[in-house]
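*Asks:* Listed below, chain by chain, are the residues.
2 protein chains.
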Amino acid sequence: MSESPLPYVHGRSDRESIRLYDQASGLGLLLHEGTLYPPGSTVLEAGCGVGAQTILLAGNSPQAQFVSIDISPESLARAQERVLKAGYPNVTFLQADICSMKFPAETFDHVFVCFTLEHIHNPLVALENLMTVLRPGGTITVIEGDHGSAIFYPDTPDAHLVIDCLVILQRQSGGNALIGRELEHLLEESGFVDVYISPKQTYASQNVPHSSEAVKKIFIAMIEGVREQAIAAGLADPDAWDRGVRDLYRTTEKNGMFCYTFFKAVGVKPR
Amino acid sequence: MSESPLPYVHGRSDRESIRLYDQASGLGLLLHEGTLYPPGSTVLEAGCGVGAQTILLAGNSPQAQFVSIDISPESLARAQERVLKAGYPNVTFLQADICSMKFPAETFDHVFVCFTLEHIHNPLVALENLMTVLRPGGTITVIEGDHGSAIFYPDTPDAHLVIDCLVILQRQSGGNALIGRELEHLLEESGFVDVYISPKQTYASQNVPHSSEAVKKIFIAMIEGVREQAIAAGLADPDAWDRGVRDLYRTTEKNGMFCYTFFKAVGVKPR
Chain A
2 MSESPLPYVH GRSDRESIRL YDQASGLGLL LHEGTLYPPG STVLEAGCGV
52 GAQTILLAGN SPQAQFVSID ISPESLARAQ ERVLKAGYPN VTFLQADICS
102 MKFPAETFDH VFVCFTLEHI HNPLVALENL MTVLRPGGTI TVIEGDHGSA
152 IFYPDTPDAH LVIDCLVILQ RQSGGNALIG RELEHLLEES GFVDVYISPK
202 QTYASQNVPH SSEAVKKIFI AMIEGVREQA IAAGLADPDA WDRGVRDLYR
252 TTEKNGMFCY TFFKAVGVKP R
Chain B
2 MSESPLPYVH GRSDRESIRL YDQASGLGLL LHEGTLYPPG STVLEAGCGV
52 GAQTILLAGN SPQAQFVSID ISPESLARAQ ERVLKAGYPN VTFLQADICS
102 MKFPAETFDH VFVCFTLEHI HNPLVALENL MTVLRPGGTI TVIEGDHGSA
152 IFYPDTPDAH LVIDCLVILQ RQSGGNALIG RELEHLLEES GFVDVYISPK
202 QTYASQNVPH SSEAVKKIFI AMIEGVREQA IAAGLADPDA WDRGVRDLYR
252 TTEKNGMFCY TFFKAVGVKP R
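Chains A and B, in that order, are what the protein sequence lines are.
Its first residue numbered 2, the first sequence is counted upward by one per residue in the numbering used here.
Its first residue numbered 2, the second sequence is counted upward by one per residue in the numbering used here.
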């Protein structure tokens, strides 16, 4: 159903899979709050990746039916294995590209998209395609991060440098690591109505149990994943890179803090 | 009780007083949530300014007694007038400098500090003084912004320039407009225990009633207040400044958004 996968800025290594699972488990309560689908409804998860959100969707709405698509067959295989292991029977996996899906119009009652639009060259085209396969009155839920929301102490130029490297590399891959702030206008420009944004802010420090571990496993691991790309692209020299990553780790230690905001948007397809 | 006031980066004009009142009224619910003092307790408000928080404190805890101090006699006079007009009898005003207060040790049951540490050259000295006048087991509540938390769309370099101008001017005045992220380590280094930080994030857009008006009256008005200082200091030329301010206004219009985080910290004086 799709062409070969586009380059994925975070890579598809085992470590990246672990990162995505950690991300979903630690953030699940925060990000999925309020996302419950009625019994019998059919939900498209567009861009399921390795299934990190899929297991939360399927577990939170056990009587809804999910169709989870991804462009990468390898990711789909991992997602399927994960969901089977969790014992959820309500997910169907399918290889498909959000920008060229072949579902009939108005197939789905709801659409869920998480950490996917950030990797898509033209998110408006993706949203218009999702609008087409959604029934009138159905909802779309979009969750994305925004690396510009990272606030941390100690604050150093090198730490900003390594974050900026990921933002630039993602832009060079056709994505947008600062897309969280754009969800409202993207949904509105695509024609969704009743658009509502809930910022989901996380605050990590040694006074908040497990929070600093999450920053290391989720955010810093993601930054570390692009080290070679950033150096090869001439965006950072190895010493500055290593200082920046060390400085990020410093924010997870005594007297440090790290704050990050995810944006969750819900919109409705007009009747 | 104090020397002549230090320069205040935002100025003490009528427009600035209006801004501070708007700030308190619009943000009151968000920032004061959970800040209720028991009947009979004595609370020091350190740095009351023109009374924007004072009326919320006095109204929310009508049976607590407040002592509200400020370094500026003009601000105190405005605060007193405001509180009298609101009809609250439970506030005593006093001119004093946080860094050289003359209260006996352990005078107060609780201390409240809002938008004040950001203007103080050495916040650790201020916090140590506040610790001294607080009884063991009493709490300190500190609320501060952090201009590095501003996320907005459309995002432009000129908009960042004008925000950075205020950050630099405030630093030149001995303050710190990025102090929100530092509250946890400052309270811990001052010896407070059980330190807990609640980030208070605001999201403004045309889909959130009154929110864009608040961004204009509170944040953009504060930026506009340092125009002449910024240009005189050579931090921005007039054209770039005006473009930056126009770009900030653009974030309050159709399809724009503006997000800002205040940090609220509560700590306890060890018994």
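Among the clues, some could well be false.
Because identical chains share one entry, a pair is satisfied inside a single copy or across any pair of copies.
In silico SDA-like cross-links for lysine to any residue, where the CA-CA straight-line distance does not exceed 25 Å [to be verified]:
1. 218 x 194
2. 255 x 233
3. 255 x 199
4. 218 x 200
5. 255 x 65
6. 201 x 155
7. 255 x 191
8. 217 x 186
9. 103 x 189
10. 86 x 149
11. 103 x 239
12. 103 x 233
13. 255 x 138
14. 255 x 129
15. 201 x 186
16. 201 x 239
17. 217 x 228
18. 218 x 186
19. 255 x 197
20. 201 x 31
21. 255 x 132
22. 201 x 95
23. 218 x 247
24. 255 x 195
25. 217 x 192
26. 201 x 140
If you are wondering where the hints come from, they were derived from the structure by calculation, not from laboratory data.
If you're wondering where the values come from, they're calculated on a predicted model, not measured in any experiment.
*Asks:* Look at each hint and say if it fits the structure.
*Replies:* Cross-check of the supplied hints:
1. 218 x 194: The answer is neither: 36 Å in one copy and 28 Å across copies each exceed 25 Å.
2. 255 x 233: Answer is neither: 33 Å inside a copy and 40 Å across each miss the 25 Å cutoff.
3. 255 x 199: between (30 Å within a copy, 18 Å between copies)
4. 218 x 200: both (22 Å within a copy, 22 Å between copies)
5. 255 x 65: Answer is neither: 44 Å inside a copy and 36 Å across each miss the 25 Å cutoff.
6. 201 x 155: both (22 Å within a copy, 20 Å between copies)
7. 255 x 191: Between copies, since 14 Å is at most 25 Å while 45 Å is not.
8. 217 x 186: between (31 Å within a copy, 20 Å between copies)
9. 103 x 189: Answer is within; shortest intra-copy Cα gap is 24 Å, inter-copy 57 Å.
10. 86 x 149: For residue 86 and residue 149, the Cα distance exceeds 25 Å both inside one copy (36 Å) and across copies (43 Å).
11. 103 x 239: neither (45 Å within a copy, 54 Å between copies)
12. 103 x 233: Intra 38 Å, inter 61 Å, cutoff 25 Å: neither.
13. 255 x 138: between (49 Å within a copy, 24 Å between copies)
14. 255 x 129: between (47 Å within a copy, 20 Å between copies)
15. 201 x 186: both (18 Å within a copy, 23 Å between copies)
16. 201 x 239: This pair counts as neither: shortest intra-copy Cα distance 33 Å, inter-copy 37 Å.
17. 217 x 228: within (15 Å within a copy, 40 Å between copies)
18. 218 x 186: between (31 Å within a copy, 23 Å between copies)
19. 255 x 197: For residue 255 and residue 197, only the inter-copy Cα distance (14 Å) is at most 25 Å; the intra-copy one is 37 Å.
20. 201 x 31: both (7 Å within a copy, 16 Å between copies)
21. 255 x 132: Between. Shortest inter-copy distance 22 Å satisfies the 25 Å Cα cut-off; intra-copy 47 Å does not.
22. 201 x 95: Result: close neither inside a copy nor across copies, 30 Å intra and 41 Å inter.
23. 218 x 247: For residue 218 and residue 247, the Cα distance is within 25 Å only inside one copy (14 Å; across copies 40 Å).
24. 255 x 195: between (43 Å within a copy, 14 Å between copies)
25. 217 x 192: This pair counts as neither: shortest intra-copy Cα distance 38 Å, inter-copy 27 Å.
26. 201 x 140: For residue 201 and residue 140, the Cα distance is within 25 Å only inside one copy (19 Å; across copies 28 Å).
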